[in-house]
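Protein chains in written order, with the UniProt record's numbering: chain A, 1 to 352; chain B, 1 to 352; chain C, 1 to 352; chain D, 1 to 352; chain E, 1 to 352.
Please note that the accuracy of each hint is not assured.
Footprint (simulated), chain A over chain B, 3 or more residues, beta carbon under 8 Å [said to hold, decoys possible]:
| hint | segment |
| --- | --- |
| 1 | 49 to 63 |
| 2 | 121 to 129 |
SDA-like, lysine to any residue: derived pairs with alpha carbons at most 25 Å apart [as the list claims (entries may be wrong)]:
| hint | chain 1 | residue 1 | chain 2 | residue 2 |
| --- | --- | --- | --- | --- |
| 3 | D | Lys157 | D | Gly146 |
| 4 | A | Lys7 | E | Pro16 |
| 5 | B | Lys293 | C | Lys6 |
| 6 | C | Lys6 | C | Val301 |
| 7 | C | Lys7 | B | Lys293 |
| 8 | C | Lys349 | D | Pro320 |
| 9 | D | Lys11 | C | Lys6 |
| 10 | C | Lys293 | E | Lys6 |
| 11 | C | Lys11 | B | Glu187 |
| 12 | E | Lys6 | D | Ala122 |
| 13 | C | Lys134 | C | Leu54 |
| 14 | E | Lys77 | E | Arg26 |
| 15 | D | Lys77 | D | His21 |
| 16 | D | Lys157 | E | Pro16 |
| 17 | E | Lys77 | D | Pro204 |
| 18 | E | Lys293 | C | Ala153 |
It is worth saying that the hints were derived from the structure and are not from the lab. The beta-carbon is built from N, C-alpha and C at its ideal position, and this holds for glycine as well.
Given next are the chains, with one letter for each unit.
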Amino acid sequence: MRRLLKKRSRKAGLPPGTPVHIGERRSETTELRLVHYEDGALERRQIAAVEEALPYLARPGITWLHAVGAHDAERLKRLEQLGLHPLVIEDILNTDQRTKFEDYGEYAYLVLKMLSDGTEDAIEIEQISIVLGKNYVVSVEEGPSGAFASVEALIDKDRARVRQSGADYLAYLLLDRVVDNYFIVLERLGERIDALQDELVSGPGPQTLRLLHHLRRETLVLRRSVWPLREVIGGLERERSALIRPETAVYLRDVYDHTIHVVDTIETFREVLSGMLELYMSSSTNRLNEVIKVLTVIATVFIPPTFIASVYGMNFRHMPELDSPWGYPVTWLAMLGLGAGMLAYFRKKRWL
Amino acid sequence: MRRLLKKRSRKAGLPPGTPVHIGERRSETTELRLVHYEDGALERRQIAAVEEALPYLARPGITWLHAVGAHDAERLKRLEQLGLHPLVIEDILNTDQRTKFEDYGEYAYLVLKMLSDGTEDAIEIEQISIVLGKNYVVSVEEGPSGAFASVEALIDKDRARVRQSGADYLAYLLLDRVVDNYFIVLERLGERIDALQDELVSGPGPQTLRLLHHLRRETLVLRRSVWPLREVIGGLERERSALIRPETAVYLRDVYDHTIHVVDTIETFREVLSGMLELYMSSSTNRLNEVIKVLTVIATVFIPPTFIASVYGMNFRHMPELDSPWGYPVTWLAMLGLGAGMLAYFRKKRWL
Amino acid sequence: MRRLLKKRSRKAGLPPGTPVHIGERRSETTELRLVHYEDGALERRQIAAVEEALPYLARPGITWLHAVGAHDAERLKRLEQLGLHPLVIEDILNTDQRTKFEDYGEYAYLVLKMLSDGTEDAIEIEQISIVLGKNYVVSVEEGPSGAFASVEALIDKDRARVRQSGADYLAYLLLDRVVDNYFIVLERLGERIDALQDELVSGPGPQTLRLLHHLRRETLVLRRSVWPLREVIGGLERERSALIRPETAVYLRDVYDHTIHVVDTIETFREVLSGMLELYMSSSTNRLNEVIKVLTVIATVFIPPTFIASVYGMNFRHMPELDSPWGYPVTWLAMLGLGAGMLAYFRKKRWL
Amino acid sequence: MRRLLKKRSRKAGLPPGTPVHIGERRSETTELRLVHYEDGALERRQIAAVEEALPYLARPGITWLHAVGAHDAERLKRLEQLGLHPLVIEDILNTDQRTKFEDYGEYAYLVLKMLSDGTEDAIEIEQISIVLGKNYVVSVEEGPSGAFASVEALIDKDRARVRQSGADYLAYLLLDRVVDNYFIVLERLGERIDALQDELVSGPGPQTLRLLHHLRRETLVLRRSVWPLREVIGGLERERSALIRPETAVYLRDVYDHTIHVVDTIETFREVLSGMLELYMSSSTNRLNEVIKVLTVIATVFIPPTFIASVYGMNFRHMPELDSPWGYPVTWLAMLGLGAGMLAYFRKKRWL
Amino acid sequence: MRRLLKKRSRKAGLPPGTPVHIGERRSETTELRLVHYEDGALERRQIAAVEEALPYLARPGITWLHAVGAHDAERLKRLEQLGLHPLVIEDILNTDQRTKFEDYGEYAYLVLKMLSDGTEDAIEIEQISIVLGKNYVVSVEEGPSGAFASVEALIDKDRARVRQSGADYLAYLLLDRVVDNYFIVLERLGERIDALQDELVSGPGPQTLRLLHHLRRETLVLRRSVWPLREVIGGLERERSALIRPETAVYLRDVYDHTIHVVDTIETFREVLSGMLELYMSSSTNRLNEVIKVLTVIATVFIPPTFIASVYGMNFRHMPELDSPWGYPVTWLAMLGLGAGMLAYFRKKRWL
């Protein structure tokens, strides 16, 4: 099961802005991919160090520097050469960040969580850092998720909107991919909830409760990842950063609506799961009721006659009933009558 | 049972603004109805393509273009010729939208949910898109619900208010119809809750719990559909769009009040249903208590005397009581006394 | 039991502003009472139609037109002659309104709920509409409640404050009466909750749970009626309408405080009732525990010895114990010892 | 037990501003104490009527008029001579007020609740009214609580801060005393909660649940009294009244912090008590589980062997086992084996 | 267990601003450490009284006065010589403060809680007071926690950022250390919750519930300490104090993000613990169900046959079955058939 908190303690006591990686290491190496494009031209290469990107920034057009792997403090520290504040570098390396947006004037820093379906029905969470400058975008992801392949594909097309737009549109595309991924994760989660719901109605087994609990915890994790994004994009839309041009703002509003839709859906999941837990508990209590009624019926029907039979199993010498020829059949009648009478009485009193 | 989320995943990775239909197909074809009216004149026709509507827009008067069927991406894409943003076209086709209002300056886009009672006691949800321009309204619904027939009837009347008013009043009428439908759905839901309440008081059966759960989930779905409309219309009223004239604003306020009334009622339903679940659970526990008391009464009355009878059913050679002529009647007395005494004792201790 | 929603469906599809009565009919006829007063003069009469009131409005002084009965669409529709918007007339007739205040510039419209103790311990809800103009007040109530008799009595007194004040003070007086009524209803509800609390402590009976549930639902209804009044009067106080003079504002603040007090008290009732339900449930579980312990004590004490007795009731030919003269007393000792030992063991383990 | 609401109904129908006492009478007479002080001078006397205070107000220095007893409508009505609005007088007499602050320009009116530990572990609530004028303070308490004795003692000291400060500082001192009292009440309540917590852990008795419920209700009452004070003092601090000088504002901020601290603590108490109730309920269910397991163990071990013994207690003529010399010991083995086997089986299945 | 509230009552009735220590005494003596630094110079000494610090304040550079021990009212009262308001001194001594920030213009006062893992799995809470002046920082902690040793170490380094920055950066460093400590405490708490979660899944023991309750209460305490810090730092960031320079503001935003992250994590812990309690309760109920089913199976299988055996154990003279050679085997068949039949019937009815 996913641990609740990442190890942050190794950073305690270090001066602010010290670049230290926090979190698991999700890729072997830190790969740096550079894409430079203008209206007519496109260049794409793998680079070894951040320094190689600097000449591109001086040229017209948009530069996109994408790093896969967030653990290599040495390499990522060089991002300072783009003018980034040490606290930004620190945050890129610390993968236990809360989703946030920070405008530093010359550039803006956005950190958010990408979700994907992992193995064993657990949702994988990966941290994405996006730095948006005037004419460049730096993005850092923890491992090779391939989530942004479709963005690269878009840039490839000569007449795509992104080729005519600024760095802000590119950043929007990355953001949009992340939010689109939320829908995919939600879709699968929704399917699992629906399946559990069906199971609950048709007849819950011993694993139902555990699965219900597991899904609730997944929803909680989801919510914790997505909820702050709502404020972040909402704030982005309201207090317009100078880095975001008006024609991109329409797209931001769209991704904001998607985020609210995601948040809403998560809340609905939570309520549905709560309702299902209550239904499960109520059904459980009902079944208990039924079983206890069985016990009571048996006790009602058999224990009193057994008492009578025991009485006439006693070995007293002077038991006049024993000698009577009617003793046996009358006792049978008494026993049957007693059982039936009690059943009838309890029925009438609506106890059964 | 209604699935929790529509399939959005087929859209993942496509560039923003790609028109793709999401959701079920609710009508065979996409029908386009055009209504053009001025103070004195009225024209009404079925058109084959959006292009046929363009000449009407150039003429004075109001043009209403109503599309039934939201799945035909090819046809609806042509709405771009009215100057709509690709994101608007995308949203019209995606029937998994959250209720929202977007002001694009030249026109405004409102998407909301229409509810109606479906078969099998489930509430049907249909998406309505309304585009309000200076002198036109475009509305798109998913299937032939007939909800706007009364609006067409109003336009037919020569001296109706709508004939003297602008496109904003027409859009208001459509909105008003949708909200009126909410009341009808609520009314039926309320009746079902009241009936369940009666059933709960008179004596709940095994299906009561399931029905209770079902109604709660319906209420949840309802709330999810209606809740955002509250903010949307509230925002509409506050930050007046230039497309809405002051004389129409009074009507918007009215429909806003209705929406709040709907939201309030849904909240009340939720609380009533929660209270009913609690009552159900408490009654259930009470019944369990009663049944277990029956068990205890029986055990109290019969088990100890049975023990005594068993004792004198033993076959020991030397059991002096067995030979005594008083043995049998005294044993009877002892058994009766023991049962009665225990009952009395537990009564006194208030255990029964 | 009160139904959750009034029939609104008969209005669906009608053009906005159509005057249709919604709700029950609470009085036979619609009675119109007119009171006209100036500093020195007072005139009071029953009128047959709204038109008769028009001359009074042209004269100096304040005119109060009070209608008892909200079902007579024909008659009340004539209020349009005072310049009221059709939507206001529609709202006066629709007794399923949510409490609201609307400022139309020339006049303001306030609709709220009056509560009173009805028969069968249910709270009666009646809708009150108040229209405040420059020099007139129109008030409409559903039935002859007599709630405003004390206001008429006040006007009767020559030197009362109301005679020196404007129409706004008269409207305030009506509002104040309605809010005062809330306290009376709350007082009775509080007494019933206190009585139930006492019953809960002294020993709950089978009707306790039902009464608890009933009171919770009453509180819910109350809350739904009063809650919006809080915002309404609060808003009234903040964004001063031109119709309300500063010297009346102090009184409005007072009635606002009362409303908050009512709302607070309702919330307290809700929490008290929730606490009582929890106490009831916990006590119930405790009693169940006690009863089951009785069962266990009996089983512990009697079932094992009964087994031993049964053993020596077997009819095997070769049972050496049976022939021993010590067999019987030793068996008794064994049986007593077994029962006592088990009891002691369970006691020690704190299972009993 | 404290009743939930005071009798307000006797006021219904009276014109606004009618001085009527609502609440219990807490002191025999209404005592009026007057303190007048300047930097160098101090005068203190008991007065018979409000009129005697008027000359002091005309002199330089600060006048403090303190009334003990809020039931004497006749006497307190004379406060009008200080220029108080009739609604203020009405509110002073009505001891069922919600905490509030009202600025009337010339003077301000603050009403709040003083708490103290009463007899029988119930918290006593008393209403304090404070009127702050330019150079005077009027305070009214319901009974002789002695809460303000320390303020009088402070004034006695020639060089105390209060002697150099204005009426606002005196009002602050009174307010501060009331809030200080909250801490004392909270302290005792906290001790009782801690004691109950210990009792819960060491072993709850039958009175635990009742005490838990009682403490929750006390906390609810507390919260209802203190909560509004938070907004009141917060508002006081924000929108500075002209009656409060900047140097006093620092002290108000201090008392505001205390109030928030009180509110926070009450919320913590509420959560702690909720957690304790849940713990109590869970422990209760656990104990039930244990007891039922005892029942099951006994039934498992003894009922099947008893059945076997009963079989061989039958009196059929042809029962070959009875004549076998091995019959008896084999039956014993069978009975022991059956009991042990079932126990083992259930253990293995983890049912026990 | 930690008591809920500290003894504040000894302060009741004292004039505001009286320096009285409230809380436990956590160190033997009050130690005063003075650090004075400029870009090139650094001086560090232990001082005996606040007065010794005054000359340093007159010199250029930053002075940091750190007091360990908050109980010595005499000594700490002398802080007044730095121009601190008596209320600030009072608050430093009262260790039962709520986290708050107060701007006094010349200086600002921040009080917050430092958390650390204490013995016996309980979180230790210590109060930290920070006074930020133009060129000095005064910090007071209750005991020798050593939490700020790393800050001293930073100052030691000649080229550290802090040596080039103002007093505000030093104050930030102290604040940052406190918030970093929260993460360490959270990390350990998270580990304990995870361990409990594992225990809950693998099989809860009797101590699970108590531990669950303990962790919930710890989380509650944590939340109470940290929650107000969120507003405090948030407010600090928004309404910039003149004491905080723009270049430090970036760092404050960083520590604000950390605080929000802490608050979020605590909320998540709360929800996780609630979910675990619910899972525990549901599993408990399920186990009860299982055990009761065992009881029912046994009763079903053995009680009815036992009744039959008892019947033929009766000693009536005229029992024809007893003499029949088929009596015994037929009875066996009947008994087996009865048990099996009932089992089958209940299975079919899904009662078992």
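Here is how each hint holds up against the structure:
| no. | hint | result |
| --- | --- | --- |
| 1 | 49 to 63 | violated (count 0) |
| 2 | 121 to 129 | violated (count 0) |
| 3 | Lys157/D <-> Gly146/D | holds, 18 Å |
| 4 | Lys7/A <-> Pro16/E | violated, 45 Å |
| 5 | Lys293/B <-> Lys6/C | violated, 44 Å |
| 6 | Lys6/C <-> Val301/C | violated, 62 Å |
| 7 | Lys7/C <-> Lys293/B | violated, 46 Å |
| 8 | Lys349/C <-> Pro320/D | violated, 45 Å |
| 9 | Lys11/D <-> Lys6/C | violated, 34 Å |
| 10 | Lys293/C <-> Lys6/E | violated, 42 Å |
| 11 | Lys11/C <-> Glu187/B | holds, 13 Å |
| 12 | Lys6/E <-> Ala122/D | holds, 21 Å |
| 13 | Lys134/C <-> Leu54/C | holds, 14 Å |
| 14 | Lys77/E <-> Arg26/E | holds, 18 Å |
| 15 | Lys77/D <-> His21/D | holds, 11 Å |
| 16 | Lys157/D <-> Pro16/E | holds, 14 Å |
| 17 | Lys77/E <-> Pro204/D | violated, 47 Å |
| 18 | Lys293/E <-> Ala153/C | violated, 72 Å |
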